[in-house]
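Start from the sequences, fold in the hints, and give me the full structure.
Residue numbers (my numbering), protein chains in the order written: chain R, 1 to 641; chain A, 1001 to 1369.
These are calculated hints, taken from the structure and not from any lab test. Since the model is a prediction, treat every value here as computed from it, not as a measurement. C-beta: ideal position from N, C-alpha, C; glycine also. Heads up, some of the hints might be wrong.
[Stated by the list, open to error] Cβ-to-Cβ under 10 Å is the rule here; a few derived chain R residues that face chain A:
#: 1; residue: Gln341
#: 2; residue: Leu435
#: 3; residue: Arg458
#: 4; residue: Gln568
#: 5; residue: Ile571
#: 6; residue: Ile572
#: 7; residue: Lys613
#: 8; residue: Val618
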Amino acid sequence: MPSRWGAVLLLPALLLAYTAAAWGQTPAAAEAVVEQPAPTPTDGLIEASAYDTEAAVPTDADLSTQAANEVDAAPAAPDSLDAGAAGPAATDSIADTDRSTESPATPAELPSASSQARGTDTAHGGAELPKPPSLAAALAKLADPSFNVKEQAAADIAASGDPRAADLLKALLDGELYFRRDDNRIVFAERTADGWALTDALSDEALGNVGRRDARKITINNRMRSALRTNIAALTLASPDPATRLSAAKEMMGDVDDAGISALRGQLAQEDDPQVREAIELALAIAGLEAETLEERKAAVAALGTSLYPEARNALDDLIRTEQDPELLAAAQAARTEIAQRVDNMRRLETLFFGLSLGSVLVLAAIGLAITFGVMGVINMAHGELIMIGAYTTYLVQLAMPNAIDWSLFVAIPAAFIVAGLFGVAIERGVIRFLYGRPLETLLATFGISLILQQLVRTTISAQNVIVENPSWMSGSLQLNPALSLTFNRLYIFVFSLLVFVALLLVLKRTALGLQVRAVSQNRAMARAMGVRSARVDALTFGLGAGIAGVAGVALSQLTNVGPNMGQAYIIDSFMVVVFGGVGNLWGTLVGGLTLGVANKFMEPWTGAVLAKILVLVFIILFIQWRPRGLFPQRGRAAEG
Amino acid sequence: MTLLKGDTGGQVMLGLLLAVAIVVSVLNLAVPEANPLHVSTYTVTLLGKYLTYALLAVAVDLVWGYLGILSLGHGAFFALGGYAMGMYLMRQIGDRGVYGDPILPDFMVFLDWQELPWFWHGFDMFWFAALMVVLVPGALAFVFGWLAFRSRVTGVYLSIITQALTYALMLAFFRNEMGFGGNNGLTDFKDLLGFDLQADSTRVGLFIASAIALALGYLACRWIVTSKLGRVAVAIRDAEARTRFIGYRVDRVKVAIWTFSAMLAGIAGALYVPQVGIINPGEFSPLNSIELVVWVAVGGRATLYGAVVGAVVVNYGKTYFTGAFPEAWLFALGGLFVLVTLFLPKGIAGLFRQLKRRRSGAMAEGAAV
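Shown next, in the form of C-alpha cells:
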C-alpha cells in the first residue's frame, strides 16, 4: 500500500526538510527564552476564530421585528466572539510585529548626533581613553542647566568605569534623578505629601525631606536620550547575564558611536554565547556601513546578508535608498533579496508550526472520538461536551489551588481524565448500551446529552466564559532565531498531544484491555464466545474515550475560551478528522488531524481564516466521495460490520 | 383520494389542517379584536411558522424514514430557499430602505458596493425568485447527492458530510463578501407581491399558503412513497446491497428522492422568511438541522404525518418553554432526544398505532368471545 506509507512519511519528511533548511541558515541558532507579555485571549488561539463563529450564531431566527414578542430564542450564547475580526487579526498580528520592530526608523542620523555630543573624547575611537573622569565630578555637572554640559556629564559618567554608572544613567533616562537646589547635590527623590524624600544618588544616604520647590528633576532632551540609551547599552554589554547582553547588543544596532563600537568589539572577543555574538556582529556590521573604506563597507553588507534581524533589513533598505556606489548598491540588493528569501522560509516554517499546532489540537480533540466512533461504532455527539467538562475541571482545580497555578495542570490532567471518564461511563451505561447497532439513534441521543450537559454547566457554574489561567511556564516563547519564535503553550500542547497519542496507542496495543477492545470492535459475537465480557469492555472503552476528551479539554483551556459552548466548536472538526483519517484507525486520526491543521494554516494567508475552513470542509466532502472510508480504511471482515 | 387510503393519520392530519386553516383565518379576520374568540395575528404567524417547519419535517421524513438517509444538513436547503425569497423581498424594498438606494439593498450601500452582484439579478421578479427557491436547493442537493450516492457514501459518513455541508455554508454566509448580508442576513422586508407584510390579511394569506403548501407537499410525498419508486426506496433503506443486486439503480433512486426532498425544504424556507421577517446565516447552523431531525423522531418516522405532529408539538413546546422557563428549555429538548430514542423509537405516531392495535385487538377478542 504505497499511498498509505506515502502519507505517513510525508509529514516527517516535510518537517525534516524544513528543520534542515532552518539550521543550515542559522548555524549559530540557539535557544533562548524571551519573555513575552501574557497572551491575551485573542492571540492565545488564532485558530479559534473559525470555530468561534459557532458561538456567534443566533440560535433562533425569532429575533425578528415582527415576532418580537415571542420569546423563542434558546438561552443564547453571551460569549460570542466577533467571528470576522479574529481572522484578519491573525494575519495582522504578524504584520504588526514586523512594523513595530522596524519602527525605530532613523538609525542613520543618530550615531552622528551622539558622536557630536560626545565631543572630544571620540576622536581616538575611544579605544584608549585618557584617565577616566571621576564619577562624582561628572555627576555633579548634571545639575547644570545647559544640555550640552549635561550631555558631557552623562558621557563622563559612562566613561568613568564605575559599576554604578549604568544604574545612574538609567535613572537619568527614566527621569528619576533630581538635584537639590541649595547645594546642587544629585539625589533620588520620592514624592511625599508636601515635598520630596531625598536619597543621595551616590552614597544612598538618606537626606531627609525637603519642600516641593527644593528639589528639581534633571531634564534631558531627545538628543541626550538617544545618547543615554547607547551608553547604557554599552555599559550593560558586559553584564554577566546573557539575556541582558543580548538586549544591550540589540539596543546598539544602528545606534552606536565609536565608543560603542569599541565596546562591542571588546565584548565580541570574549563573548561565548552564540546568540549574543550574532547580535554583536550585526550591530558592528550595521555600524560598519558607515565605515571609511569601501572594503569595510562591503564586508558589512555581506555580514548583514546573513542576518535575520529586522534591523539588518532596515539598514540595508536605508543603504539601498541612499547609496551612490553601484558596486555596493548591487551587493546590498543581493543581500536584501537573500534575506527576504530566508525570512520567507522562516515564515513558512512558522506557518508549518501554526499548522501543526492547530493539527495537534484537532488530534487531541478527535482522538477520544476516534475510539468511541472508530472502535465501538458509536457516534458520540456529546464528545465536545466531554472536552468542555475537562476544561471546567481545570477551572475548578485552579479555584481549589489558587496559590499553585503553576502546578494546577498536573493535577488537572488526571482529574479531568477521571471526571470526564466517569461521565463517559455513566453515559454509556445509562443510554448508549441500549442503542448498540443503531448508530443514527445513538447520534440523536448523545446530542440530547450534549444539550443537557451544556445547560448543566450554564446553570451550575455560569453562562459566561470562565477564566482559566496559564501557568507561568506556559507563557513566553522559544526564540529560535530573530525571525522565528515558537510560543511555549503551542509547543507544549503539540508535544502533549503526541504523548497522549502514544499512550493511547500503547494502551490499545499492549494491554489486556486494549486487546479486548480490539477483539470486541472486530467481532463482538466471537469475542463474547471467547469469554470477553463485552458489556464491561464497552463501558471501559467509552470511559477511556471520554477521559481522553477530558484531557484534551485541559489542553484546550490553555489555548481558547472556556465556556458552555466550547464543545460545540470542536465537535464538527473532530468528526471531520476522524472521517478523513478513517474510522477505527488511530494513525489515521493523527495524520488526518495534522494534515488538516497544516492545510488550513497554509491556506489562510491567501484566503483568510474562515474561507480556509470552508475550503477544508469542501475538500473533506469531496475526499469522502473519492475514499468513502477515509485515508486509512479498515480492511478485512471488521470493515463489513 | 386513493393516495390516503389506509393512511388514517394522514387523513386526520389533513382534516385538522383544513379545519385549523379555515377557523383561524375566520377568527382572525372576521372576529373583532375585543371578542375573546379573536385569534391574534401573532398567533396566526406563529402557526404559519409551525406549518413551514412541518413541511420541512415532512421533507426530512421522506429521506430519513423511507430512504434511510439521516440528513444533518436539511437546514441548509431550508435556508437556501429562505435566502432566495429574502433576496426577492429585499429587492421589493426598492428606495424605501434606510439609504434610499433604488437598486442596492441597504447592506450593500453600507459596504460601499457600486452595483448589484450578478447573482442578485432577476430577483426583482417574483417568478424568478420562486423558481430559485426550488432550483437552488435542488441543484445543490442534486450535485451533492450525485457525488455522494454514486460513491456509495452511506450511514454515519453521509450524515457527517451533510453536517459539514451546512456548516461550510453557514461559515460562507457569515462572510460579508458573499453578498448576502453577512452576519445580519436579510431583513426589514416591506411587501410581497404588493401586499404589505405587516397587514393582518397578508399574514393570514401567508398562513393559508403555508397550510396549502404543507398539504400539497404531504400529498406529493405520500404519492412518492406509495408509488413503485417509494417501494424501491424502502427496499434500499432496509437492504441496500440486496436492492442493488436485484438490479435497481440505487444511486438514481436516492438522488431523485433526495433532490425532491431538498426542493420541498426550500419551499418551506421560502414561506418561513416572509412570516418571521428575517433570514440570517444562523439558519444554516448544524444545531438547527439536528433539531429538525428530532421533530421527525418525536413524531415518528416513516409515517409522514408523524413528522407534522412532531414539528408542531416540539416547536410549541419550544415556544412555551423558552417563554415560561428559559433555563429549562435545553434540559427539556435534550431529555426529549434521549427519551424518544430510548423509549419511543417509533415516536408519537407509533404510540397512536400501538393504542389503535390494542383497541382493535381487544375488539377482536370481544368478538371471538
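Q: Return the numbers of the hints above that this structure violates; sort them in rising order.
A: Violated: hint 1 alone.
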